[in-house]
Structures are given as C-alpha cells and as structure tokens.
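With chain A's structure known, arrange chain B on it following the hints.
Number of protein chains: 2
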Amino acid sequence: MQKTAIAIHGGAGTITQATLSAEQDIAYKAALKEAVEAGHQVLAAGGTALEAVELAVVYLEDSPLFNAGKGSVFTKEGKHEMDASIMCGKTLEAGAIAGVKSIKNPIKLASAVMLHSEHVMLSSYGAEEFALAYGIEFAPEKYFFDKYRYEQWSEVRDSDIFMLDHTEQRDEKFGTVGAVAVDQAGNVAAATSTGGMTNKRYNRIGDTPIIGSGTYANNRTCAISCTGHGEFFMRAVVAYDVSCLIEYKGYTLRQACDEVVMKKLVAFGGEGGLIAVSTAGEVAMPFNSEGMYRASKVAQQETFVEIYKR
Amino acid sequence: MQKTAIAIHGGAGTITQATLSAEQDIAYKAALKEAVEAGHQVLAAGGTALEAVELAVVYLEDSPLFNAGKGSVFTKEGKHEMDASIMCGKTLEAGAIAGVKSIKNPIKLASAVMLHSEHVMLSSYGAEEFALAYGIEFAPEKYFFDKYRYEQWSEVRDSDIFMLDHTEQRDEKFGTVGAVAVDQAGNVAAATSTGGMTNKRYNRIGDTPIIGSGTYANNRTCAISCTGHGEFFMRAVVAYDVSCLIEYKGYTLRQACDEVVMKKLVAFGGEGGLIAVSTAGEVAMPFNSEGMYRASKVAQQETFVEIYKR
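Residue numbers (numbering that gives the first Met the number 0), protein chains in the order written: chain A, 0 to 309; chain B, 0 to 309.
Here chain A stands alone, though its shape is the one from the complex (with noise of 0.2 angstroms):
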C-alpha cells in the first residue's frame, strides 16, 4: 500500500511574523491546519487523491481568511470572479472554470466539469448555466461580502491600480488555495481555487484555471498547484514544467521544483510558489516570496504547518 501524503497552500506573498498579529498567526494555521487533515482523513481512509485535493480546497474556499470562495476579493466593479480547476493524475481528465461570480465552491464546480462535460474549460455565464444543469451550490453576494476585503477594494476603486490580492500597499499576497495528494492507490491529483486580483478589469484569467500552468497532475511525475503572479506562470508553463523535468530530466521532485521556483521564476521576475507531490509521496512547498500559507500531512507523521520562511 502506497504511502498517502497531501499538501496545500493558501497563497504566497510578502508575509512576514511583522505582518501578520499573533491572532492572525493562530487563526491561518488553524484554518490550514484543519483543511490538509481533512484531505489526509480522506486518503487513510482509502478515498481517492481527487476526493481529498477538492475537500481541503472547499475547507479554505469556505474560510473568509483565504481569496478563494467566500474570502474573494472585489474586482473593479464590485464584484467577485473566481477561478478553479482540477486535474486526475491516473487519466489526465481535467475540469477548470473562469470567471463565474456566484458559486460558493468553484472547486465543486471544476470538478463537476471534469467529471460531466466533454470540454475542459467552462467560464463565466456559461460555466454557471453548467452549474445549475448538475445541481452546483450558488450564493448571493451577501455571502462573498467581507468589512476587510471591502475596505481593501475601496482604497483602489477609483484607480487603475488592480493588486494581486494584497500588493505593494499592504502585504502583496497571492491570494490562490490549492492541494495536491498522491492517495494509497498511488494516484496523485491537483486542486486550485481563487478569487483573482484585488480591483482587476477586463475579465482577466490567470493562471489558477490554466491546465499546465497553475494546476497539473501525472502519474508518471507528480502533482503540482501554483500561487503567485500570474502572469508569469502563465508564460512559464510552470506545473508542467516541474512535471517535464521530472519526466525528461530525471530531476527529483525537489530538483525540479528549485530549478522553477528558485532559478527560472526568480530570474524570469515571477514571484510566488507551489506545493507538489509525487507518485512515491514526497512534498516540496517552495516559494521564492516572504512567505507562503502551507500545511502538509505524509502518512501519519505529525501534520507540517507553516506561514513564514524557516
């Protein structure tokens, strides 16, 4: 029997123990904490990679305290656009959504795409006229309203400025979620979930719904979820590109994920991290940001729960 492990983030950014206060402290890890011994509760108790990823991402979709779900952010117009996806290792089967404003766990959604449309990518109206044909939970905006990401918004909304959830005038957080986990049949799988840029225009996709890019998973190397600067991941290919040198390189797990994060990205401008898993159940969370939200569970070892840089 395959060793299970599991791992999941709640965005990266400029996150500093000067940054956050000793409450805040407590409650992300908690909230971390919680969500990956969900997932891993699933894994030992012999449920699929997939059940536990879309599992630990709706517990932090539903935390106020990530930008996924209920703690999404305001586009320029008030609103909330979220963006999701999720991949099966074991068959490359893939569902991802952009842009839909009402569904209070995007993951259930993509998953609901991988399992029930011929296509990969559904978005906006469409995607939630999809949602309602297979019985998808909607809210009303009430549900996505928070004081502080309110407050957040209003400082902006007169501004071109759009902020990658917290940027440059408060922490610059990447505001994603994801989890990635290899079961005890060995199969992997990836799961991302955001609310998008603080203030953003113009519809903008980044690379949460990006099948390759925020979000990839193969039996034949690992599982792979991305937090950052979009953009950037975008252009780089990031997911499958650890996966590629993984599978073409014969880097490890470890040396590939360096190799992105901490060389490609860093010399490319693009900040953030990601969490990965491979098929023989090894964690790498790097991150070339201050911090990153993450918490890891590898079999019954003690779950890893961590903001800062150590």
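Hints may be right or wrong, so weigh each one.
No copy labels: a pair is met if it fits in one copy or bridges any two.
Mimicking DSS-like on lysine-lysine, the simulated pairs with C-alpha atoms at most 25 angstroms apart in a straight line are [what the hints assert, rightly or not]: (1) Lys248 / Lys262; (2) Lys89 / Lys263; (3) Lys89 / Lys262; (4) Lys248 / Lys263.
I should point out that these hints are in silico values taken from the structure, not numbers from a laboratory. Because the structure is a prediction, the values reported are computed rather than measured.
For chain B alone, kept in the frame of chain A given last:
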C-alpha cells in the same frame, strides 16, 4: 543573417480530396498561399516574427473559408465567440483573449493585450472593453454571418451536439488558424485564432488561447501553433511539450513533433496537428488527422501549400 521561415495552418480534420470540390480545393490553396506569402514578405523586408505571424493570421481571419474571425462558426445561442493568442519567443511575452463576440480580428486584440496590458489573458466583455480602450476594430454581427456556417448550425441548434467546426455529420474539421515564424534576427513567434466549436455552450474555452497548449514560442527551442480537439491538447499541454522535448531531451524539432502528435496524442485519442518553426528555420507540420490546411515558405524557396496527406 538568419534564414527566415514561416508556416501557417487553417485547421485539421477529416479533410480528403473526396470531401472537397475542385473549386474548394483551389480556393483554400489560394487563401493559404496568399496568407503565408504576406507573412513571408514581412520577414523578407526585415520585419519581426511577431509582425509576420499576426499578419498571416489576419489574412486567415479575414477569409470566410476558415473558422476564425469572419468565418467563425455559430454558438448554441446563434452568436460567435472567438479566442486567440500570440507569444514572442524572445521575451516570452504573451497575450490571449477568450470568448469575444464582436472583434473583427481577434489576433490583433491578443497582440494588444501582450503589448499594452499587464495581464496575459482577458475574456468576454472585459476583453472587449480593453479593445475599445486600445482602438481595436469591432464588427457587427452581420460581418460574421455566413450562409454555410448558419446552415451547419441550424442542423444541430436544437440538440446538445457540438461540433469541432464540422464534426462527424460533416467532415470532422477542427477549425483553427495559426502561424509560426522565425525572423532575420532569429526570433520566433506563434499566433493562433479560432471561432471555436459549432453549437458550443457554456462559454467553453479550448486550447487556442491557452499559452502552453495551443500556442507557445521560445527562442531556446521553437514556436508552435496547434489545431485539433482542444480538450486533448489542453490536457496534454501540447505546445509546451514539444518545446520541453527539444530543450530537456535534446530532440530535434521533427522528433519532438512526431513524438507529441503521432505518438502521445494518438495514444491519448487527441486528433489534430500543429505547425512549428525552430530558431534555425526548420519547419514541421505534423498531423494525425486525414488532412490539415497548411502552407510554409522558407527563405526564398518556393511556397509549399497542401491540404491532404502526402
């Protein structure tokens, strides 16, 4: 001075001499010749690969023969939804748009996104708002009206059938256009544009606007533009896979293209093809379908134009 090369495609699928009339054969070949030679003229005059691929794609978008721009097919709602992307191999800058309705030349909008936006990918109404701000030409619905496309859609509009341009019932043609080129400075570029699937729903997005799947360019390797059953091309991250096989495994352009199109995609069930040009000026145009509208011109050599296998 680098030997220039340009290759273009107008879609792949079940295209045989039996399915095309002599008049159609002549019309398609003339349109392909005109487009590839227009792109070649740009390169011969010292223009950039980016300028050449954009111009060649504009020619194909302006032709009613191909499923992109003017010739775009109808969606379930009887509208047009177009996607496009462009990438520069020197800077790895990229621009993409998805789900635009009234843009005369989607590739020009993708190029404007690359040049003037801090984002890589814009979609639907937001992309059109951006187009307005940057003086990109709009076209009324009647511009995109075509009797043949309308009849094609009318046959299936009341069903759940969607068609990759003309699937099964007709000639299984995957409607996309694209161009790849290398200029005198040795820089490569790729561009792809499509009207998507006939009768498509749910604001589906295919591989065309996905950097790494439908389009990719990198001066370390080559430029690639794909056409085929987009869902498979997204799950296989086709364009970047070709690049990685060259960069990480030392494959030649031909070996990498054959591995991806003739082996991996065939095993995966993904029908279609791609065009690729290396920084050395080599051209590859593999496809695993019956035919692919294609043309190329290397330096001052004779223009190559073909539709069927040969």
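>> To test your reading of the hints: which numbers does this structure violate?
In response: none
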